[in-house]
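Chains as they are written, first to last, in my numbering: chain A, 1 to 355; chain B, 1 to 355.
Worth flagging that the hints you see were computed from the coordinates, not collected in a lab. Some clues are possibly wrong.
To be verified - SDA-like, lysine to any residue: derived pairs with alpha carbons at most 25 Å apart:
(1) B:LYS237 with B:GLN194
(2) A:LYS237 with B:LYS87
(3) B:LYS87 with B:THR43
(4) A:LYS237 with B:ALA288
(5) B:LYS237 with B:PRO159
(6) B:LYS237 with A:ALA305
(7) A:LYS237 with B:THR280
2 protein chains.
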Amino acid sequence: MPYHRRMSSFPHDSVRAIHWIGDGLRLLDQRRLPDETRFLSATSVDDVTGAIRDMTVRGAPAIGIAAAYGVVLAARARIAADERTWKQAIEEDLRGLEGARPTAINLRWAIGRMRGAIGRAEGIDAWRDLLAEARAIHEEDIAANRRMGELGAALLATPSNVLTHCNAGSLATGGYGTALGVIRCGYGRGAVRQVYADETRPWLQGSRLTAWELLQDRIPVRLIADGAASYAMQQGKVDWVIVGADRVAANGDVANKIGTYSLALSARHHGVGFMVVAPTSTIDLATARGDQIPIESRAPDEILALCSRRIAAGGADAWNPVFDVTPADLIDVLVTERGVARRPTPADVAALAAP
Amino acid sequence: MPYHRRMSSFPHDSVRAIHWIGDGLRLLDQRRLPDETRFLSATSVDDVTGAIRDMTVRGAPAIGIAAAYGVVLAARARIAADERTWKQAIEEDLRGLEGARPTAINLRWAIGRMRGAIGRAEGIDAWRDLLAEARAIHEEDIAANRRMGELGAALLATPSNVLTHCNAGSLATGGYGTALGVIRCGYGRGAVRQVYADETRPWLQGSRLTAWELLQDRIPVRLIADGAASYAMQQGKVDWVIVGADRVAANGDVANKIGTYSLALSARHHGVGFMVVAPTSTIDLATARGDQIPIESRAPDEILALCSRRIAAGGADAWNPVFDVTPADLIDVLVTERGVARRPTPADVAALAAP
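Pulled out of the complex, with its shape left as it was, chain A reads as follows (with noise of 0.2 Å):
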């Protein structure tokens, strides 16, 4: 299968990492990028849970995706084993895929909606209505993109110079991306001159990643290290940063990528507008700040070995927290596909996540 598909008639948008084919899921394995385009196939919850464990697919909207359809899957294995009772024992398959990793929120938010479809779900043939909803999941997912790349494309005066962090594109999500949503619709309309992408240590999504899916889609970007990036600023080289975001907290305060706080207080001082791009699903009004938001730590290797080889002396110990929390005072905007909240306040949030 070729790895890159024109989904649909928008330019800069060639890039899908999860597609359900036939009765299955395949997810480009994001641990090989750029070197391989690998696509693995996921026939089993198991798989599904720990793909989304080892970061095969990552990007809060695409673990939701993944998620959803690791659901059908689990529920199409429990209707065969017992049909009478699958409805019982799928729950132990949620739990796992929900503990799979624990800061993005639309992990449990698509687990939660494909509840609910169990719970309507009827006869043998149940798990087809599933595959519904999680198709309906990812659509929505793509769709919601579009309009987020539209609303924030609309904010940025014509040229903008803009940085990224981590990877928030399409590989991140079911397609067309968040962040790079934006940067992909304001790239279309000429707006964004040039986009400087940080390569974001330790797992280098932006080298890796985000590099390549802009450049797949014939963005042009230019990667620095994550601690030039406040040189950059006071250099006068960017005019916003844009990042998605893992969680979003009831007061507005966002968890993103390690790293996003630091530019969120770099652009605060230099004037710099900080624009968060997130769907409603990463939304979260049962955690009212972001300080109460679980920050995943990840393994020390990630920082004590490159390329499998270990580049610290022997002895030395590292600290590898993934995301941070960036206060919602410095978020100059919110975007999601509902619309745009400026300085983001509790009631902004709300009103945002209200169905």
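With chain A's structure known, arrange chain B on it following the hints.
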């Protein structure tokens, strides 16, 4: 030769990267640490110029010291070639050394001091007088570092958690270090509880050099991604950020490794102390403001490739400035061997630099 020798009775101080042995210079190859502790022999001024350019030796004071020894090698060769004209002929060598790297002012400072010694030197053994001057520069640097260690450590409450960036240690100086000198002294006194070190992309001086150097001296160190520094401060894990400098302008602005400026912004935002530790040889009164300091950019491949393997998608570009400038008003304390200035003013800098 063993790569670490107890050079003194100071605790936690075993590493030396620059040695004049017999009649030549030996440099610890910092490109190969921590995998190999290999010394290279430099037997000509061109060897030294090359070693500075390719970062076999790096760190502002260390570059100056290596260059001073390079002048000795140049003089010996020029005197052997023509005893009458060597003082004119050596100018070409000095200009080559001066041009090896642009940002660290210690390079020009050391060559300026060696020019003075050249002016005074006489006879076929004139190079021996120059060697005495180079040795003096080297020993004075170590003494300055010890003094700065005392002065800086005296500012730390007990116990303090400190964060450093890049490598401003024994490897970056004649020995003992600037920022790491303060940490060495503070750790020896029990004032420093935890040392965090930024990994410091792209060259990974933190992971490769600072971790190695501190562990050689049994000082525990915890590495973090550069992007995690602001989060560490937000979480209350850091009391002081302690860094070195490549050049201090007359107004107190400081050029240092890329990423330093971002740390200074975050430190001020969080009420964390920001300490710059630099010998007076790093002060450049001829440069009025930081924005006049030449900032070196190095090859994009330092960002685009890792372990000699390209990591970014083909076609991606990179911008790789390797220093940035921190404005004086973000500096809480400037520590030199002649004393300490809090929130340094131009008058403070001038007073510290006065001979």
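Now the hints, each set against the structure:
1. B:LYS237 with B:GLN194: holds (9 Å)
2. A:LYS237 with B:LYS87: Not satisfied, since the Cα-Cα distance of roughly 46 Å exceeds 25 Å.
3. B:LYS87 with B:THR43: holds (19 Å)
4. A:LYS237 with B:ALA288: holds (24 Å)
5. B:LYS237 with B:PRO159: holds (12 Å)
6. B:LYS237 with A:ALA305: Given that 25 Å is the threshold and the Cα spacing comes to 24 Å, the pair holds.
7. A:LYS237 with B:THR280: Violated: A:LYS237 and B:THR280 sit about 33 Å apart, past 25 Å.
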